[in-house]
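Position chain B against the provided structure of chain A, taking the given hints into account.
Order-wise, the sequence lines are chains A and B.
One rule links them: number in the working numbering = place in the first sequence (from 1) + 16.
One rule links them: number in the working numbering = place in the second sequence (from 1) + 16.
By construction, these hints were calculated from the structure, which means they are not laboratory data.
Here are a few chain A residues that sit away from chain B, every Cβ distance over 12 Å (derived from the structure):
| hint | residue |
| --- | --- |
| 1 | Glu273 |
| 2 | Glu281 |
| 3 | Lys429 |
| 4 | Asp430 |
| 5 | Val442 |
| 6 | Lys485 |
| 7 | Asp522 |
Think about it this way: if two alpha-carbon atoms lie no more than 20 Å apart in a straight line, the pair counts; the simulated EDC-like pairs of lysine to aspartate or glutamate are:
| hint | chain 1 | residue 1 | chain 2 | residue 2 |
| --- | --- | --- | --- | --- |
| 8 | A | Lys597 | B | Glu588 |
| 9 | B | Lys600 | A | Glu593 |
| 10 | A | Lys122 | B | Glu526 |
| 11 | B | Lys597 | A | Asp603 |
Covered stretches of chain B (in silico footprint by chain A; criterion: 3 or more residues with CB under 8 Å from a CB of chain A, positions within the stretch not fixed):
| hint | segment |
| --- | --- |
| 12 | 116 to 128 |
| 13 | 140 to 148 |
| 14 | 173 to 183 |
It should be emphasised that the depicted structure is a prediction, and the values quoted were computed from it without experimental measurement.
Think of the CB as a built atom: it goes at the ideal place given N, C-alpha and C, for glycine as much as any other residue.
There are 2 protein chains.
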Amino acid sequence: MHRTHTCGEITENNINLKVALCGWVNKRRDFGKIIFIDLRDRFGLIQLVIDTEKLNSEEIKSLRNEWVIKSHGIVRKRSPGMENRNLKTGNIEIDVLSIEILSESKTPPFSIFEDNTVTNEELRLKYRFLDIRRKEIQEKIILRSNVAFQVRKVLTENNFIEVTTPVLCKSTPEGARDYLVPSRLFGGNFYALPQSPQLFKQLLMIGGIDRYFQLPICFRDEDPRADRQPEFTQIDIEMSFAEKEDLFKIAESMVKEIFKNTINEDVKIPISKMFYHDALEKYGTDKPDLRFGMELIRIEDILKKSTFQIFLDSLKEGAIIKAINVKCGSNFSRKNLDEFTTIVKSFGLKGLTFIKKAQNEISSSILKFLDEKVIKDLEERLQIEDGDLIIIACDKEDIVNKSLDHLRRKIAKDKNLCKEDDFKFVWIVDFPLFELDKENNTLSACHHPFTSPREVDLKLLDSEPLKAKAEAYDLVLNGYEIAGGSKRIFRSDIQKKIFSLLNLTDNDIEEKFGFFIEALKYGTPPHLGIAFGFDRLMMLLTKTENIRDVIAFPKTLKGLDLMMNSPSFVNEKQLSELSIKTTKQEDIHWQ
Amino acid sequence: MHRTHTCGEITENNINLKVALCGWVNKRRDFGKIIFIDLRDRFGLIQLVIDTEKLNSEEIKSLRNEWVIKSHGIVRKRSPGMENRNLKTGNIEIDVLSIEILSESKTPPFSIFEDNTVTNEELRLKYRFLDIRRKEIQEKIILRSNVAFQVRKVLTENNFIEVTTPVLCKSTPEGARDYLVPSRLFGGNFYALPQSPQLFKQLLMIGGIDRYFQLPICFRDEDPRADRQPEFTQIDIEMSFAEKEDLFKIAESMVKEIFKNTINEDVKIPISKMFYHDALEKYGTDKPDLRFGMELIRIEDILKKSTFQIFLDSLKEGAIIKAINVKCGSNFSRKNLDEFTTIVKSFGLKGLTFIKKAQNEISSSILKFLDEKVIKDLEERLQIEDGDLIIIACDKEDIVNKSLDHLRRKIAKDKNLCKEDDFKFVWIVDFPLFELDKENNTLSACHHPFTSPREVDLKLLDSEPLKAKAEAYDLVLNGYEIAGGSKRIFRSDIQKKIFSLLNLTDNDIEEKFGFFIEALKYGTPPHLGIAFGFDRLMMLLTKTENIRDVIAFPKTLKGLDLMMNSPSFVNEKQLSELSIKTTKQEDIHWQ
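With the rest of the complex left out, here is chain A:
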């Protein structure tokens, strides 16, 4: 056998034991008579000590960082004063009897010790196999494995069945683009990689599986965005004969278990609920970050009594006015405020209005338009205290919401209002079923076309579909949607109506979803489900903002694998077997 112990597991209990260890040379310090080697494996680091008078070989002198060696030796206590308190094995060391080189190493293109941010990320991705050696990345990969196991354990204990659904599926493009796979046996025909196992999990419910889960890999051929990867993992859960309370319960106990058993955080359950409408009103978003205050407060009723003509005109055109109170914000510089204004302009807001209270004095560019009563009302409504900065936005509701939501989060970040270990969960409920696609003046699904309207709103589908609310439930954590759930439509006629309302022709419906509409007619149980974004959840658990950190072999923004140099050209024989021709041959410029 190669080794008797891993580097990390040796303790003072092993003193005087003869051990065999394997690992990478993490560091070598050569003092002539004595050579120290820090030996590293996944489990830890231990100090080897070589007395060159007893053991003098050219081989030992040749050792370099990242070489792989095997060493026999005796565990002993370190001399007093030589302990390393930063190391789990810092009280002991190995008195080396022999060293064998298992594998040499070229000098790595970047240091295995250095902080993430030091090395160019493209270089790290090209040498991902070395990047993975770094503790920072390795810990995340290991945590991801732990979380996946916790998920499976909780769900299995609750009678859920893990079912693997196909990867070679049918193309039904809505919203996102499908990745396609040409069929060789049937030229001109294509499979598509699944954007989600939505239909399959519903078919499993029709099949009586009752409680299903899966950690499927899903695919969307979308345009590059920082927190997106062409392939991503969901935690996909579906259950029959259950109500939303059952779904909340299982999702919450899963989350609680994950946070407790991996990062030792106590999640308080039940998690509170917030209406979609209230979230937009108070936070300007359906993904509110509740770790800090600065809620959005409506003040158009107060400001319509001002004499500031711009507000008055906007109000007449249907604008709304909201404000946030930035505590201790009065000392923001002009530069800060200009930056805020620049930011909100990108959301279509024309400008911001500021009110400061400093040294008990109110100041504002619109002060002359506000009488005493207005100021008093504002002070009361916004609970203005000395040192506060009030930021006011006046425009169409969605522009105001987007702007203040963004500002609120930016200011919280700049002012460090969020503690690292603060995890604030909230369920958002009572979403609208549809939203208006203003460009085409058509309806689109707020969640997806399989989401059930509330029973009481069924009658609105024909008359006022935009007023219908959905049985949809999002789980939000610190401003991120980590899961989206809903009751599914289980009646064939309603499913067909929803497709029609979403502007699918009868022909489209038949071709893409005909079999599913038919399947619903064979005794479909009421069912609901939820899907967690596993990568996103891992980002939050490991406190990284780089999605590539939580994926073992990630791709770049543009979907390139810099290590394997993929995608790549393929040979003519492969293409002709698939009955396809390429219309372009784009050279990729690899690093």
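What follows is chain B alone, placed relative to chain A:
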């Protein structure tokens, strides 16, 4: 909440309890005054009793099979004599207070009760969501989930890390064809779906992950074969700093756990080992079924003393002669023997020779060519007893082996020599590293090009590569290879040499595996691994010979999804975005 209990969990302990149940109408028997309904869910079946004098509604009379209902009622003991011993809930029934129809059902195109074999499989696949309701299929899906969980539990407890590797990979076609995925952002370039995560798992070892596992979905675009699916699942395990004994141990404890905790079978470990050479000698195959005897026995040394010219001539040309002794086979009819001859002809064997011993009399078409000594030697070597049939094959070694291996298994099947619950495992070791591709007179890898030669055989690579043996270990169960493992090459120079011996040009090596050859130079630990065919394992555990039975949504032999009608045509916009054109538009004739 919809239900208080599942149908299967109610017992005599619940008598007098008011319960709410949901499920499918499995059967309805209408006796006018009383209606019985068997209500079914995943957990079991329970009898509902409706007293139509107390509860008479048109709705209840309208109920049909497979409708979904909810029922309130009181649990009560069945009247004496009315118990059903075949049912877990057979001593109780539900005195129904109310019934609510949740969902109606069209009449299913086949009965949910009927045996697999009755219904045309294509119809079952088209309506897979109904097929899944059948106990036979549902049990297999549930068992598969259990096995997957056991695998993860054992491996996690043994410090293995589950890592998900990419599905969008690079095309490196050897052996099997890749499924390709056109890149939209880089026209003319393609991803490939992975045939196995081989490179990734080795890169994880280079990255220091030490112990990895995954249940990856793998893809091979091969020609149709009965036990193949275009996508299939492996149990993929890799470990560093370990010897084959460590690998055997972890694989065996996993197998033991699976068989014990799912079908309550005790697997005796350690599992015995057999040399590849011995397996071929005794069983004619490297996948021997050890549940029965009938070993192949070499008899050319005896028969060269016969005067049967055909044997003598063949022996001169390098043929071998082997025989099997079929106990109690002397009563096989002429028709049986003719069938055997027809079978072996398909393997290239010219014919078989038979010797019978019946009523203590030896008979054979070649008897006149055998003297007393030869007969006595044969009787001794083959342990011929009264009633035995000896089948003799004389030809080139591989033809004899293939023929007798096939016959041996066929006869065992026909004579029911295998007990259903007999599981005979064996490790096959000491495989050759290469085999000769006779068509092209080139070498091909017996396992795959990453398999390490034995250390002692390194020197043979240049001189006599066909004599080099591999550090490869297959796990065989009842005649099926359920896992293939090997030590991997961890030296860059040897890996390159192997690729060269396999006739890859330097250019090919660089383009396809250049980055990997380079990766091996950065301190690669010695490592080995094994991959189980999960679908095959499930077939053996659930005793089915149909691979589609153990997959929730299988495809046909030709890769068609009969339920979704996939693959399918896609629209021009999709193709032009991907910079491809089709050269064929093949209509698929759906059922």
